[in-house]
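Enquirer: Here is what each chain is made of, one letter per residue.
2 protein chains.
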Amino acid sequence: MNAKHGKMLKNEKGAILMKNFLSQLALGLEPYVPGEQPKDRKYVKLNTNENPYPPSEKVEAAIHGVAMDQLRLYPDPESTDLRVTIADYFNGLVDCESALLTANNVFMGNGSDEILAFVFPAFFTGRYIVFPNITYSFYPVYANLFQTEYREIPLLEDFSVRVEDYLNLASKGDLGADGILIPNPNAPTGRALSKAEIEQIVASNPEIVVAVDEAYIDFGGESVVDLVPKYDNLLVIHTLSKSRSLAGLRVGFAIGSDILIDGLNRVKNSFNSYTMDRIAMAGAKAAILDHDHFNENRNKIIATRERVVGRLEAMGFSVVPSKANFIFISHETKPAAELFYGLRELGILVRYFKKPLIDNHLRVSIGTDEEMDQFLKALASLI
Amino acid sequence: MNAKHGKMLKNEKGAILMKNFLSQLALGLEPYVPGEQPKDRKYVKLNTNENPYPPSEKVEAAIHGVAMDQLRLYPDPESTDLRVTIADYFNGLVDCESALLTANNVFMGNGSDEILAFVFPAFFTGRYIVFPNITYSFYPVYANLFQTEYREIPLLEDFSVRVEDYLNLASKGDLGADGILIPNPNAPTGRALSKAEIEQIVASNPEIVVAVDEAYIDFGGESVVDLVPKYDNLLVIHTLSKSRSLAGLRVGFAIGSDILIDGLNRVKNSFNSYTMDRIAMAGAKAAILDHDHFNENRNKIIATRERVVGRLEAMGFSVVPSKANFIFISHETKPAAELFYGLRELGILVRYFKKPLIDNHLRVSIGTDEEMDQFLKALASLI
Numbered sequence: 000m001n002a003k004h005g006k007m008l009k010n011e012k013g014a015i016l017m018k019n020f021l022s023q024l025a026l027g028l029e030p031y032v033p034g035e036q037p038k039d040r041k042y043v044k045l046n047t048n049e050n051p052y053p054p055s056e057k058v059e060a061a062i063h064g065v066a067m068d069q070l071r072l073y074p075d076p077e078s079t080d081l082r083v084t085i086a087d088y089f090n091g092l093v094d095c096e097s098a099l100l101t102a103n104n105v106f107m108g109n110g111s112d113e114i115l116a117f118v119f120p121a122f123f124t125g126r127y128i129v130f131p132n133i134t135y136s137f138y139p140v141y142a143n144l145f146q147t148e149y150r151e152i153p154l155l156e157d158f159s160v161r162v163e164d165y166l167n168l169a170s171k172g173d174l175g176a177d178g179i180l181i182p183n184p185n186a187p188t189g190r191a192l193s194k195a196e197i198e199q200i201v202a203s204n205p206e207i208v209v210a211v212d213e214a215y216i217d218f219g220g221e222s223v224v225d226l227v228p229k230y231d232n233l234l235v236i237h238t239l240s241k242s243r244s245l246a247g248l249r250v251g252f253a254i255g256s257d258i259l260i261d262g263l264n265r266v267k268n269s270f271n272s273y274t275m276d277r278i279a280m281a282g283a284k285a286a287i288l289d290h291d292h293f294n295e296n297r298n299k300i301i302a303t304r305e306r307v308v309g310r311l312e313a314m315g316f317s318v319v320p321s322k323a324n325f326i327f328i329s330h331e332t333k334p335a336a337e338l339f340y341g342l343r344e345l346g347i348l349v350r351y352f353k354k355p356l357i358d359n360h361l362r363v364s365i366g367t368d369e370e371m372d373q374f375l376k377a378l379a380s381l382i
Numbered sequence: 000m001n002a003k004h005g006k007m008l009k010n011e012k013g014a015i016l017m018k019n020f021l022s023q024l025a026l027g028l029e030p031y032v033p034g035e036q037p038k039d040r041k042y043v044k045l046n047t048n049e050n051p052y053p054p055s056e057k058v059e060a061a062i063h064g065v066a067m068d069q070l071r072l073y074p075d076p077e078s079t080d081l082r083v084t085i086a087d088y089f090n091g092l093v094d095c096e097s098a099l100l101t102a103n104n105v106f107m108g109n110g111s112d113e114i115l116a117f118v119f120p121a122f123f124t125g126r127y128i129v130f131p132n133i134t135y136s137f138y139p140v141y142a143n144l145f146q147t148e149y150r151e152i153p154l155l156e157d158f159s160v161r162v163e164d165y166l167n168l169a170s171k172g173d174l175g176a177d178g179i180l181i182p183n184p185n186a187p188t189g190r191a192l193s194k195a196e197i198e199q200i201v202a203s204n205p206e207i208v209v210a211v212d213e214a215y216i217d218f219g220g221e222s223v224v225d226l227v228p229k230y231d232n233l234l235v236i237h238t239l240s241k242s243r244s245l246a247g248l249r250v251g252f253a254i255g256s257d258i259l260i261d262g263l264n265r266v267k268n269s270f271n272s273y274t275m276d277r278i279a280m281a282g283a284k285a286a287i288l289d290h291d292h293f294n295e296n297r298n299k300i301i302a303t304r305e306r307v308v309g310r311l312e313a314m315g316f317s318v319v320p321s322k323a324n325f326i327f328i329s330h331e332t333k334p335a336a337e338l339f340y341g342l343r344e345l346g347i348l349v350r351y352f353k354k355p356l357i358d359n360h361l362r363v364s365i366g367t368d369e370e371m372d373q374f375l376k377a378l379a380s381l382i
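Residue numbers (numbering that gives the first Met the number 0), protein chains in the order written: chain A, 0 to 382; chain B, 0 to 382.
Derived from the structure by calculation, the hints contain no laboratory data.
It should be emphasised that the depicted structure is a prediction, and the values quoted were computed from it without experimental measurement.
Where chains are identical, the list cannot tell them apart; a pair therefore holds if satisfied intra-copy or between any two copies.
Straight-line C-alpha distance at most 30 Å; calculated BS3-like pairs for lysine-lysine:
id, residue 1, residue 2
1, K171, K18
2, K12, K171
3, K333, K38
4, K229, K18
5, K194, K18
6, K353, K333
7, K333, K376
8, K12, K194
9, K12, K229
10, K194, K299
11, K353, K41
12, K354, K376
13, K41, K299
14, K322, K353
Isolated chain A (complex conformation):
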């Protein structure tokens, strides 16, 4: 038996075992692929929408303040302290006292990805939902894992969401749906709907859950969190990975009516009682409480974004109007794939999606001013 033959036998045996051991469900999954985290050399990393600035200094103090002997104890499975902090934070942002959030309107998760995953079995499994055809590519992956049928609603040619497509879906038959998942701003386009537009969608679909993924809302979009007391069907999902510079700590949250939060808790408590560790909770709380750092940080990114957009347009790029910490760009003559590989050679990572409709675009995260100047310089050398 030569080596090649041995390897073939091993592969055949592997394929049989895989079919024996893995469930039909698992065999049919096509997992999400996150932006690469290469270790071969140092890159200017503009490919995973990370924040270029460190988190609040108060996060360090909070994390170092966690007593190490307490780590032997399970964390609070309900993250009560953190949920109270988040409810208070949003209550502090609005003037009116008529309809306030409480901790019962808040759900914590191990990143907003985990919360989005829970949204499916909580509200969508066995149902038929809609989301835009160009959007966060994790949505169809969740749908497959949690057996949810979905229809992708095409964006307009300028990558904007047509609000009319999402109205009164409970009564539209084949063009209807039992649930809506909509990112605002959308990814990877960066385009945002206004608060009034999202409210139209929520108000016209009182019978079904409308989940609004606001991962990127803090970079210029209008959040609908303050509409939660008004609409029982509205769930808003946030992350601390972007505007609070804590991608490495894994914290996200959802805000919704107590009924929707109960739905998420049923799933979470059938999956893992303790999704939030003691240190992540302490760090997250400190980040939420540091308003000044948050505002300074996001304003810097918005300013850099606007400056870079101007420069890119002058270089012959069209840039989708962005309210996110990334921009979605294409050049009038140079194919995106070519630019992607060219930038990579020059030590700059951006994200390229080899998919219909968007395969001539690049998604570029907004880094520091220095990083963006390196990016612009590299780009200039390629066109």
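Keeping the supplied structure of chain A fixed, place chain B upon it in accordance with the hints.
Expert: The following block gives chain B in isolation, referenced to the frame of chain A:
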């Protein structure tokens, strides 16, 4: 409309909205209930099998060594460094070099509960599995969430697992199964099978996955991790919550053939790319590397357990032989429920399961010697 009427209307409306919004799946879930974490007073907490001793001091140094500005970056989604550390750790425990583990045999999760949750869609969804009728009460909860049929195999009267019931299940028709989930030692009984017995089960079921939940293995049981290179169908699940005093950090791992690890990765990457945060990974690595602390810690608990067992037997208790950091006890005359409430009054929390077959037993975690003396003293006052 009086207040009571208004509340009724609100409840009726709530019930209708719940049916509208929650999926049939979510409406049918009966979540797991973890041991209580009361905040009303200070208790001697012997109810959630936490370790009474702090984690290794090296965990603190590792956690404080995580550069805070790195928290802005996503963690390594594959936890490569930690997986290498764990493979090396187990390789170091065996003499023979013939069949070694690599990082491809290791899967990390946000606590072993998350890994157990992933085990269901990876291997069991749509299939028919077996586990003991008295066991970790999360198993049927996972089965409901991930649409797995199951049969509970009765324990013998002394709470031991009858190995014959688990042999050759692929060919047994109605008494067979497509998967086996078995905790060793079992919970809440504490009874363990020998390594040879587990190997019999694994070897006689080569066509189906045998998942062995070794959450409590380090307190005197015999791990089957070193059988993984020999059996493609064996998955062993560990946690750092018990023997490594890190319940608050949320880290668990599974060891299995590359085929089984691939199954888990498919599910994890369809659920949440980044389940392990940067700090938890750093702390876990330090804990795994501190062999001395680990051995000292678990040996203390084993010694305390043996001493307490002797005392309890002298007091008229029967104690199920335990290889875990808890004991399962019942008294010859005093009902367990009465003792549970009596202990609670006296500031001592233990776990009582109001379930058939075990509703006259208490599960008591092994605390420090001082805590166990308080427990024994309180118990003496009640009988």
